[in-house]
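2 protein chains.
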Amino acid sequence: MTRETLRIGLFGYGCVGQGLHDVLNSSSGLRTDIVKICVKDRSKKRRIAMSNFTFDKNDILNDPSINLVVELIDDAEEAFNIVSTAMKNGKNVVTANKVMVARHFRELVDMQDKYRVSLLYEASAGASIPIIRNLEEYYDNELLHSLRGILNGTTNYILTKMHNEGLDFSTALRQAQEKGFAESDPTLDIDGWDAKYKLCIITGHAYGLFLDPAEVFHYGIRSISTFDIRYAKEKGLKIKLVPYVGKTDENTITSFVLPRFISPDKYLYNVDDEYNGVITEAAFADKQFFSGKGAGGHATGSAVLSDISANSYGYKYEYKKYQQGTVSNHTRDLFLEIYLRYRKEKDRKMFGFKEVSEYFSSKFYKYVIGTVNLETLYSLRDQLPAMDVFIVKTGRKVMKARH
Amino acid sequence: MTRETLRIGLFGYGCVGQGLHDVLNSSSGLRTDIVKICVKDRSKKRRIAMSNFTFDKNDILNDPSINLVVELIDDAEEAFNIVSTAMKNGKNVVTANKVMVARHFRELVDMQDKYRVSLLYEASAGASIPIIRNLEEYYDNELLHSLRGILNGTTNYILTKMHNEGLDFSTALRQAQEKGFAESDPTLDIDGWDAKYKLCIITGHAYGLFLDPAEVFHYGIRSISTFDIRYAKEKGLKIKLVPYVGKTDENTITSFVLPRFISPDKYLYNVDDEYNGVITEAAFADKQFFSGKGAGGHATGSAVLSDISANSYGYKYEYKKYQQGTVSNHTRDLFLEIYLRYRKEKDRKMFGFKEVSEYFSSKFYKYVIGTVNLETLYSLRDQLPAMDVFIVKTGRKVMKARH
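Order-wise, the sequence lines are chains D and U. Number 404 marks the last residue of the first sequence (the working numbering); no jumps. Number 404 marks the last residue of the second sequence (the working numbering); no jumps.
Hints were generated in silico from the structure; no laboratory data involved. It is possible that part of the hints are untrue.
When chains are identical, the list treats them as one kind, so a pair holds in a single copy or across two.
Mimicking DSSO-like on lysine-lysine, the simulated pairs with C-alpha atoms at most 27 Å apart in a straight line are [what the hints assert, rightly or not]: (1) K350 to K41; (2) K248 to K115; (3) K236 to K58; (4) K46 to K236; (5) K321 to K267; (6) K180 to K288; (7) K288 to K58; (8) K37 to K364; (9) K367 to K89; (10) K267 to K394.
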């Protein structure tokens with residue numbers, strides 16, 4: 002391995018861009034030079050000299066002296082334009098944009114091959130946790146049973162506040178927004194989209210399937226109430242938003258994003274605030290757990306830097322699981338045990354419960370614990386936001402449907 | 002990156018060797034062929050055909066068709082002979098032998114350079130946890146404040162049994178031996194040598210210092226009593242054996258192995274039985290935690306396989322921190338807060354306590370909590386085994402000595 006001197010064109014100078022700049026300035030081991038930074042807003046005051054900036058993306062994309070494009074902008078479709086043009090022009094790319102990677106996953110993988118360039122995106126899933134690199138490198142030849150975790154720092158921050166301080170959802174959300182952990186439009190985070198995009202990226206490396214995110218069921222924490230938190234606390238549990246992907250047989254996986262009850266003896270129980278955590282279960286390595294900060298400019302910047310560093314010695318993802326092609330199907334036909342808090346019996350009926358194990362009714366709310374088919378949840382996905390219900394997966398294992 | 006077909010010569014067919022064989026047989030992505038297995042014992046019954054084995058190491062070391070030697074024997078000095086001859090003969094090497102790597106660290110690093118071969122040893126520290134690779138790849142340009150963890154599965158199994166089932170040390174040790182988690186001579190594990198060797202290997206990659214293990218203070222759990230466990234339980238704590246390495250200033254680190262009190266809100270609290278766990282704290286990535294199985298043929302075999310896989314595309318450790326040379330000193334001149342359980346006042350006096358914060362005395366035992374200098378502990382290292390005392394580091398941070 003020999004290391005190349007990198008000449009970087011940077012897109013975006015927001016929280017992560019500035020975080021990366023700080024991290025780069027403090028690291029002695031890497032020969033890099035940020036040649037130009039492309040930003041959109043001409044009027045914004047910048048903390049470094051204006052001579053570092055350009056407003057024309059072609060100043061970077063058409064500069065033959067730039068060999069690495071680092072893309073850190075918000076807009077997923079504009080990011081895709083930038084990234085695909087950069088790759089066509091023979092430049093390697095590092096990005097942190099999960100929405101772009103998840104939506105254009107297969108295309109991006111094909112382009113790397115076609116234009117013989119490298120696209121790295123460690124920061125797009127789990128921020129500072131090196132999960133993609135570990136899946137690529139370490140689980141290369143391991144039989145991975147499942148992967149689950151906490152991948153969204155915003156919802157984890159909100160849930161931690163609700164649990165520890167008894168706040169209601171909207172107060173906790175407002176505090177998260179004030180602290181800069183939640184966007185002014187928090188939909189992406191609190192409805193579970195962000196966690197789902199990350200899960201889809203991870204699934205590409207864990208199992209070699211590039212899923213259409215629309216095929217994966219996701220559910221967030223928007224309708225969580227203090228009843229739900231109280232129920233969890235009474236049982237000594239916490240509620241966390243947990244994306245899951247796992248094998249159902251040799252060639253088939255399932256995946257979904259759902260809030261989940263976590264007991265104190267589990268690693269995820271202590272993953273609080275804006276931290277993320279990922280648990281893998283595999284045939285030989287058995288259970289492994291990784292945790293680290295899931296949000297913030299410096300944590301994300303440090304993951305971006307690790308990709309830049311890998312780039313300097315020509316590292317590429319090999320997509321080994323995709324090459325092997327063992328897993329070829331994605332199913333939603335299986336049973337999960339859930340807690341459903343609801344008000345109206347007609348709502349409960351829509352879930353088609355089978356094997357109800359607990360039922361509770363009071364003047365204020367009702368809940369039922371029992372098994373439902375994931376396909377049923379998926380079919381209700383457009384109605385769920387308007388229903389006065391909240392769903393939490395219990396700790397019971399995912400069960401294969403037997404018809 | 003192109004992948005080479007590997008022709009492997011394997012030394013040792015014990016627990017890890019057989020575990021590796023199982024893992025290799027189940028993995029589809031790697032083109033490997035175990036050409037020959039060298040073992041010592043001619044009379045032992047083997048689970049595969051005898052034609053796979055040889056008793057002469059030169060059958061592997063002098064076979065030019067073998068391009069990778071995998072060394073999994075117990076005897077550290079014989080392992081060093083094998084590994085250095087293999088490297089001289091231009092073969093890449095994968096090993097799991099922490100005693101050998103820690104004792105000959107600098108020599109082994111120099112030989113890789115001299116003979117232009119690769120030596121990988123992920124399985125030597127933390128078994129299934131990919132800590133070395135992450136330190137090499139991910140923390141390449143990160144400012145690492147400290148690293149601590151549980152690196153010895155045997156002592157963790159014993160401590161878990163003592164805590165959960167109220168067993169005394171010797172009964173818990175016997176059970177660990179019956180389960181195959183402890184050797185018939187358990188010195189290496191229970192006196193903290195194993196944890197120290199692993200810590201020294203990690204230090205090489207975390208800070209670029211190849212420490213002489215004799216310079217690092219270690220203390221194990223041999224003299225732990227049920228009093229100590231009871232004390233911990235009353236305070237809601239667990240006792241774990243925790244190696245630590247961290248910066249004291251820009252160019253200086255300290256390191257030691259000591260039992261430590263762990264509170265329930267800490268990740269290490271839930272690392273039980275034969276599991277290992279490592280916590281890193283760094284400037285930008287902040288706190289990260291990795292956990293996985295720290296013992297067993299399959300877990301260790303899976304780490305060995307990940308090295309074999311990395312070998313197939315020419316991966317080498319770069320020892321970047323060593324190349325950068327930022328950290329150049331190792332100090333023992335600092336203060337730790339410890340709990341000392343003891344019987345005789347003359348024993349206590351030897352520790353030179355300063356700032357005593359708690360003191361307890363009863364007919365059966367006494368304890369004191371206060372700060373001591375690590376240099377003092379180190380100077381007592383030969384006397385400690387014969388003293389009727391037990392030492393546990395508290396959760397308070399390591400403090401720089403001010404003279």
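### Task
Indicate which option fits the pair K248, K115 if close means a Cα-Cα distance not exceeding 27 Å: within, between, both or neither.
Cα proximity of K248 and K115: none, with 31 Å in one copy and 46 Å across.
### Query
Should K37 paired with K364 be assigned to within, between, both, or neither, using CA atoms and 27 Å as the limit?
For K37 and K364, the Cα distance exceeds 27 Å both inside one copy (62 Å) and across copies (73 Å).
### Task
Give the relationship of K267 and K394 under a CA distance limit of 27 Å: within one copy only, between copies only, both, or neither.
both (15 Å within a copy, 25 Å between copies)
### Message
Within a copy, between copies, both or neither: which one fits K236 and K58 at a CA-CA cutoff of 27 Å?
### Response
neither (54 Å within a copy, 60 Å between copies)
### Homo-oligomer pair classification [K41, K350; C-alpha up to 27 Å]
neither (50 Å within a copy, 68 Å between copies)
### Query
How would you label the pair K321, K267 (within, between, both, or neither) given a Cα cut-off of 27 Å?
neither (30 Å within a copy, 35 Å between copies)
### Query
Are the CA atoms of K46 and K236 at most 27 Å apart within a copy, between copies, both, or neither?
Result: close neither inside a copy nor across copies, 51 Å intra and 53 Å inter.
### Task
Could you figure out if K180 and K288 sit no more than 27 Å apart (CA to CA) within one copy, between two copies, both or neither?
between (34 Å within a copy, 20 Å between copies)
### Task
Indicate which option fits the pair K367, K89 if close means a Cα-Cα distance not exceeding 27 Å: within, between, both or neither.
neither (56 Å within a copy, 73 Å between copies)
### Query
Is it within, between, both, or neither for K288 and K58, if the alpha carbons may be no more than 27 Å apart?
Intra 45 Å, inter 36 Å, cutoff 27 Å: neither.
In summary, the numbered hints that this structure violates are 1, 2, 3, 4, 5, 7, 8 and 9.
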